[in-house]
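Residue numbers (this note's numbering), protein chains in the order written: chain A, 1 to 1034; chain B, 1035 to 1334.
Everything labelled a hint here was simulated from the structure, so no lab data went into it.
Be a bit skeptical, because a hint or two may be false.
Here are the simulated lysine to any residue pairs, SDA-like style, with alpha carbons at most 20 Å apart [to be verified]:
(1) A:945 <-> B:1121
(2) A:1031 <-> B:1099
(3) A:280 <-> B:1065
(4) A:676 <-> A:59
(5) A:261 <-> B:1243
(6) A:956 <-> B:1099
Residues per chain, in single letters:
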Amino acid sequence: MPETIDLEGQQEEKSRKRGLSLSRRGFLKGSAAVGATAFLAQYGLTLKTSAQQQYALHKPIGETLTICPFCATGCSIIASADSSGNVITLEGNPDSPINSGALCPKGQSSIQLLSSPKRLYQPLYREPNSSTWSQISWDDAFSQIASRLQRTRDSTFQTTNSSGVTVNRTTGLAWLGSAHISNEDAYLIHKLARALGIIYFDHAARICHSPTAGGLAPTYGRGAQTNNPVDLRNADVVMFLGSNQAEAHPLSFKHVMDGKKNNPNMVLITVDPHFSRTAKVSDIYARIRVGTDIAFLGYLINYAFQNNRVNMEYVTNYTNGPALVNTGYSFDPASGLFSGYNSSTRTYNASTWAFQTETVTVKGQTYSVTKKDMTMTDPNCVFQLTKAHYARYTRDLVSSVTGIPGDVLDNIANIYTQAGDPSSGKTSTIVWSLGLTLHNHGSQNVRAVGELQLLLGMIGMVGGGANVMRGHSNVQGATDMYVLFDQLPGYLPAPDETGSPNFQAWVKANAPTYGYKNNYNKFLVSLLKAWFGDAATSSNNFVYDFIPKKFGDHSFMKTFDLAAKGQIQGLVILGQNPAAMLENTNAIRGALGSLKWLVVIDPFESETADFWKAPGLDPSKIGTEVYFLPSTTFLEHDGTKTNTGRWIQWMYQVTTPRGSSKTDGEIISRIALGVKQLYSSSTDPKDLPIQSLVWNYGPVPSSDDILKEVNGFHTADSSLVTNFTQLAADGSTASGNWIYSGVYGGGVNHSKSIDFTDPSGLGLYPNWSYAWPLNRRIMYNRASCDLQGNPRDPKRAVIWWDSTKKQWTGWDVPDFLATKSPSTPFDPSLVGLAALSGTDPFIMQPDGTGWIFAPVVTDGPLAEHYEPYDHPVANLFHPNGAQIDPVAHYYFNAPNDAAQLSSGYNVIGATGRLVEHWHAFSNYISWPVELVPEMFVEISSTLAKTIGVASGDYVKVSTPRGQLKLRAYVTGKVGPLVINGETFEVAWFPIHGAFNSLVPGQDNINLLTPSIGDGYQFTPEAKPLLVKVEKWTG
Amino acid sequence: MSSSPTNSTSTTSLPIISTTSANAIFFDSTRCTGCRACQVACKNWNDLPGYGGSDFGTEAPTQFNPDGLTNPRDLSPNTWLIQGLHEVVQSDGTFKEVFMRHSCMHCADAPCVNVCPARAISKLETGPVIVNKALCIGVGYCVNACPWHAINLEEAPGGTAHKCTLCYDRISNGLAPACVKSCPADALFFGPRDQMLSQAQSRAAAVGGTVYGEEEVGGTDVFYVLPAGVTLEDAQLPTTPQTTPVKQAGSSNLEGVIEVGLVGAVVAGAGIYLLKSYSERRSKIAAEAQASGQKEEVKQ
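Excised from the complex, chain B in its bound form (with noise of 0.2 Å):
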């Protein structure tokens, strides 16, 4: 086997990320092509199954879509991010596609976050919302709290939950997003918040579209924008993003074990995410909130 080459020409162009603040990532709607090479750049990276029919996996076999190509139909423990080819049929008759990606916002004050009885989910300074696995209980109240249906259990006894990590193992290596890094289309884009943010705008602005993601559940780190004359209903977005209430963290009585377990997990090597103190993280957040006068939403 002879080896690939190294070319001494080379300069290094690391794309600027953020390692002090959050990043986030701009998905432009208007410039998709529905190929979805980001949904499968997710399982490429993540090791996902797919279903693949019967001779594949414990999972039932997909089927046809009859509202279109979408497939999976619905975020899972093997599928993280779902690029939904919508199709609508207007009012008069005339037929509209909609390529809208659907996965985890990673809400800047995220509620699965919030409701994790074992703390097991974190919000990283620079954007991702990550579930600890060895920390997981599998309660689930995750998964009802989030409005995106983006963090799913397995089902297995002893399942835990499962979502998009924003890569946060590439983005700490100076590398984007596996889905970012796929597109072909240049539809997706991936750096510090403030700019994507911006960029978003402008784009809304240049197309007469609307950005998403600003304003749900407090402000998020995926910007969406959407076409000219698309509603959130057509691109199947939640109109009014909500948390279903849960208990609230800190008030499980299965706290001190997990405080247990997570100095356990911690001891042990197994932690290589980012744990940071509970209070430290809250009292960031809410910090961060009051400077840049976003509406602090946190529910405690």
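Chain A with its partners taken away, still in its complex shape (with noise of 0.2 Å):
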């Protein structure tokens, strides 16, 4: 609302960008409520009005800072209590250069959550076959789920494997859970949970978007979104692929509606299967068949080279282009399959994909190097085989299995690939959530958005890069902490059987020679003395064998197949609700009746703690003993999160636990220190990892302190090292988390900067909050000048090399050695970061390029086009070859329940997000809930005729896995799509619906969704489904 702020001089032109808002600086103090009147007074803001005018405010502006609970934009909020602890006032904070003020219905809803009538205050228990709850202590639930944690540990307990390796895991005992907690309590449960030997651990990331991680990751280095929301403003460009950000992350899209605003010439792209609110106000949309991104964003790469698009400086220097892969990987175009697969096994053996090498002889000694061609001409280049891998991708061909019309695709090609054109001066950029990644093939629709970013030279660029918009509050934190199986916090590998038997194999295999990623020891050896303490030496390799180790998919879907199996036995929920929310409910609800016990800790009474009373469900025959723990909502409690730009923010707590509810943070203590106290006297050497592991946190931790262990310390004195730059690998530093050290650099917690300038002018907010890795908000900002040092494009510029005083310097922390010259040449005699030229801006890689070509994706090096488990049609790519991600992974039924339209599912469905709604729990509070009522279906008009229903009528939605009664909604939204030259019908599924909602008889629709994983990354594949629709007749 800039036109109606007074300007005068810069201090304004920064309130400007605010908005329209009283500035909250001035009276941030304290958390107790002060009255209206009294605040006015105080801090001196009253206007000049005439007396009978000035109207005291009916109840005080908030006075606390904290972070909504739903998305992950991050949006700062002001709320205050009165003298009860009841929260009365909760709206956004005018301040925060990512909300403004503003919040999204949700976000003004979450006031709500803390008297939701589905709260819960007190412990429950449910017997086997109960039909009931009953009342428990505290005391007791805690000692008695302590117990059930040693009997399924110990009874499951295997010390070493087969081959004799020390693997110190127990196959019985689960953790999933949360992205809704702050990164403290994220890193008590990694901790705890490693130390239990828990090797089946996951979180929300699995079932959302670690195929972004997956994706990213191998392609430049590090598995976040490169960019933030705010930056979005920066973009000529911006495409939505896989992403409704209007409802999904209403306040990013608030910078999209901001540069549409400063930039007429702005253009919004949105392809998606139905007519989402982004869509609504996006100047192109094109409706795509779901589940077939990869076709579609193959044919814009195809389109960059057929038509000068790609930006060839770029690939050549900073990019694997040049790059000369072995002469036995090959492609074949009719079997969809790229060189060494076993189809017995369905995985791939990589060698042919690697690179050549070459040796080359510095002073004296000789060097193994990927070997180049910088002609890019070499038809085994990446350049090259990138290029003949995507010539298929054919207007014709793409047009008929996406369903976009070929004059649609050329038009948005053309747009969207003028920024690989440097005399253009734009940028382009893509915005993604779970639209690419719930896929049997979402790494690999990552993949191509990274290769397609690469070859436009976008990475690095202020309102370029990859822009991933995670879904949960603190998902990107929890997936930071890594409450996930294949990594420990950092993104350091976990211990592998295989991979990684020893301290010394883990080293040689996670900490290679060249790049950032030669430090993994140092900061290894940190975790593990943050960890255990004074038990972890050097002679005994840091107890890197107290970690657990893996041994292949102990994933989110297969914990719930395990569980039906019998072979998992107990498991704790903290934070998910997968009896409404994972794919196969069914499935799911039948695993967790097939547990000994199930601990489920949440604030509300969810549909998983209630699985037991699902419809269809007979209790008396579901023998799970569960335990329910009340835990906060997000104003009860402190702690950071972090938002999907990587801004780690702190949250202070704006009133005292209601009821008999505790915090995360003291369940998880208590009950690590009941586990603790029953292994206190055990002579096992299977239990020294509980014995060893420092918890010095007492029942009620402290955020402050936690986040001060993972920023790292000096073990001798305690002291705060500045950042990971002081970390060491001979047990003198210990770090909970590399990435996050910084964050407490010099004594000073960062996570509380709510300092709003904007120096650079382009939306960087440096002294706001503290985004990792050292504070950067543009990762890879080195591929943002060219090669000499200099800013590609002027008026985006964040860093340059500045020859005089021979650094790096600009707006933005650079993300590359400070001190390195452009003109340093590669070295392949210096190890590390010192090795790496002048001109290799990926750090984190171990040749310091950006991957186009990625061969440790396990799916394939290159994306190609592979349909859902689903599918109305043949792949039209290989129709005699593979159809689905050849090694996608297969749950419960999979692969013999995917729907056939030889069996009458001939509906192409598609799921996901209202603005209104947040998965499941939204449906607990009033205010959602009377937006959004009940959950439906929308359908055409052309197919409620043909099934003879009218908009609000019920129908029955099916697939070989379930059925659903929905509304239909009869809309424009959704239209018939015509797919090689078939029509077929289209139906969207919003994911909300939950059998515990204020409103009864509702349900998820992921009753309906199939158990098949990710090739690379195990997630479930939610999007894209085959349904029949007809008339409901119960």
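Combine both chains into one complex, guided by the hints.
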């Protein structure tokens, strides 16, 4: 609302950007609620008005800063509680550069979470086969849970595997969650779980954005959003592909709307199966068949190659375009398979995908390095292989596969790839969320985005980048803390019984000679010191063997699959709701009923807590013991959360835990202390990890203390390290998560920084919160400069080489060695970052380049189109070859429960979000429920006519996995698609159904989704379906 | 509990809100994403319940709206603002969505004010039309008088009239109304009426749309810009807003009783609202209308 603000100089200019707002700075003091009149008088904010027109606020404006509990935009909230602890006001913080005082309908509703009718305040216990809860005291609950953890752990513990490798793991115990909790609590969970030997360990990221990390990390070196939501305002073209940002991330979308206002030539493109509210305000909308994103992106890549839209200087110097691939590598267009496929194991042997090497001699020593053809004409170089791979993605074929008319494809390709021509001065970026990830080839969807952005030279650029939108309020942070089975905090690979059976093997496998990962041994040792303290010494390899060793797939879906089979006996679920939100929900509810015991930690009586009451289930036949521990909402605890743009923000506690509920941190710590007590007198070596685990937090941990441990300290005197460059491999430092090291640098908690100045004018806000790593706002920003170190686009300059001072400088923290001159050559005689050249911008990569061709991704080094599990047509790229991802993971009845056209499943189904709801738990509060009281399926008027229903009638929707009764919503938002000459109807489903909703009779679309996992990251496919839609006759 | 920080680098940026003449809301439908943050922000600031199914309140649960997502479907004592998500099937079969605000228009010369026999409804100088619940006797003339159905009576015996207050307390303290502040899409603006009107007019000119609220009922303090090609019917707005003639204020035989009640309320300190003498208010509006050359529609 800039037009209404008085503009006087620079400071007002900043205020203007924050919108129409009364700045909160003057009166953010203390958490006590102050009477409105008093506070206004205190801070002199009385307006010059006639006396009778001065009205007191009917309630005070909030004074305590916290972070919205819904999506990962990271909106700052100001809230107040009264003297009884009831939160009475809550609104957006006008100072936040993220949300400028605004909040979406969910954020506005978050105040209702505190006293939702579905909130539980007392621990509960459900006996096997009982149909009711009974009360239990906290003490009894904690002691019984500790003894069950001990019993299940001990009875399923493996000290060594069949090869004699120390594995120290339990195969019968699992922990799932969460992405709602603070970073500090997530860190505690990881620390506790590994000490217990838990390998079946995952959280929401596995079932949402693991394919994003799986796609981005091999491509750029890190798996997170390269830029941040605020930066979207700087783009010339924003394409929403697999993102409904206006609904799923409304305040991130604010920056798109702001950009559009400042730059009328900005183009918004939405490519989506249904006409979302993002599409409504976009310039171009293309209706795509769900699950065909690689075909679409492949056409854009092909178009860029054919129309001189590849940024050749960038690709030559900053990517692995010139690298030569082994001559044994091939892709067979007929079978749709890359070389090395084993059809009996359904896996690839990737040896033929490796790069050719050559030896170079430096200072008398020879070194093996990747062989390159800097002219990029060799047919085996990545550039030529990529060009040839996507030459098959012709307009006609892609149009047939996706359903997007050819002229629309060309229009989008032309507009989007313009940025690849450096003379255009434009940037393009793609925004995605689960629309790209929840597919059997989700990682490859993200890889295709990654490839395209490298070819256009967009990574490192303000207004460019690869902009994933994470979904939960702290899913980025919980991923950084890696509450997931296959890595440790900070993305250090988890010990594997085959790949890293001992410490030395781990270092060899995971700390490559060149690139920043060469430091990984320092970070692992520092982690082990943080966890096991004095027990970790150089003579015992810092108790590397205390960490349980994984041996395969221990993911979310696998955990439930094994619960159903009886292997997983005890499960702790914290802040997750799989009985409503996990794919193939009937199978999930069945698996929960096969457990011996289940602990659910949640503020609400979720569908998972109540799974044994699910529609159609008979509690008397369900033998699972269930403990419910009531935790708190975001208003009742403090700590940090990390938004989708990697900004670590502090949340202050607004009120004390309501009723008898306890914070997640306290519940986790009391469980840990209980278990440690049980094992305190054990002499069994297998219990040493628990006995040695450093747990000095007491029953009520301090988030601030934990953040200091995460930041890292010198073990000699406990003084905090400045950042991760001080971490060492000799045991002299400890750090719980190296990538967060620096957040408490200099003894200052930078997550509390709320200085909203933006000297660059580009929206970097360097002193608002702290962005990992090292407060960099635009990752890979070296690539925003040319070879000489000058900004490629002066109006988007973030860093540059200062040849006088001999260092990189600018508005942002260089994602580069600050003193390395652009002319520094690659020096194979050095190690780590020092070896890389002055033009190697991707410092986490072993060769310093962005990987268009990524031979480490298990389902292929280049993205290839594969069909959804339920597919209406054969894969038109290879009709007689691979249909779905050839290494996709099967759970439960997959691959035998796909919906087939021949069985009458003839409507293409797609799932997505509504702005009014957030997963299931917005159904527990009245404002969101009032906006959208009942779940529905969007169908076209033609389908409605065919099946004889009117809008508002009930329909039965089914797949081989389940069925659901839903309201039919007849709308123009969906419509028929022509796929390979055949016309298909489309149905679109919101994902928010919950049987414990305030409106009875609801349930979730996941009853219909399959249990097939992404070939690389195990993430279940939830987006595409084939369904039968019939008039409800029950 | 640790305290939130104080930041000394702060500057105070107050919106320009006129304290002596009318302010207005400008809603730009062309930028609206239909998220309905405004609708919930209204409930949040004003502590209004949602229906939320059988567990909530005494009102009937909301149900799926077959015409789209608009919910609740009507303004009520508990819902003072509805952001309508209207779906229009055009004559050629194509589909169009129109996102439209439905709430009090804060008429410059408000029919509800004019018809209230209890003089419980006031038009503040700064824009808001507000109800003094202490004075409301629940006869409902205002309900009939409002062309936008924006004022509604509680159904319970003795129920009073409820409507959008334009967050008069917030604007009195330099804060934007809750709905405006909440908007993630910069589709809602608040400020002096003349500025809002000119902003609406230039936006309408830029997008080929139309301004609503400038002329209706003699002019309102809320302006809408409708996108090009969107009719009032599409937006579900009254094409010719009219009031239903009712018994005029001043002729009520309750008059004397009300005057006593009003004085009593003020004496009791219950009148936190601006209460100006009726004749003063009337003459001022008339003078302003004459000065600006607007059509006088005073119903006396």
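Hint check results:
Annotation: proposed proximity of residue 945 (chain A) to residue 1121 (chain B) holds, straight-line Cα distance about 18 Å (limit 20 Å). As the CA atoms of residue 1031 (chain A) and residue 1099 (chain B) are separated by approximately 18 Å, the hinted pair is consistent with the 20 Å bound. Between residue 280 (chain A) and residue 1065 (chain B), the direct Cα distance comes to roughly 10 Å. Compliance with the 20 Å bound is thereby established for this hinted pair. Our distance criterion of 20 Å between C-alpha atoms is broken by residue 676 (chain A) and residue 59 (chain A), whose separation comes to about 47 Å.
Simply put, residue 261 (chain A) and residue 1243 (chain B) have alpha-carbon atoms about 17 Å apart, close enough for the 20 Å limit, and the pair holds. Using a Cα cut-off of 20 Å, the hinted pair residue 956 (chain A) and residue 1099 (chain B) holds, with the two alpha carbons roughly 18 Å apart.
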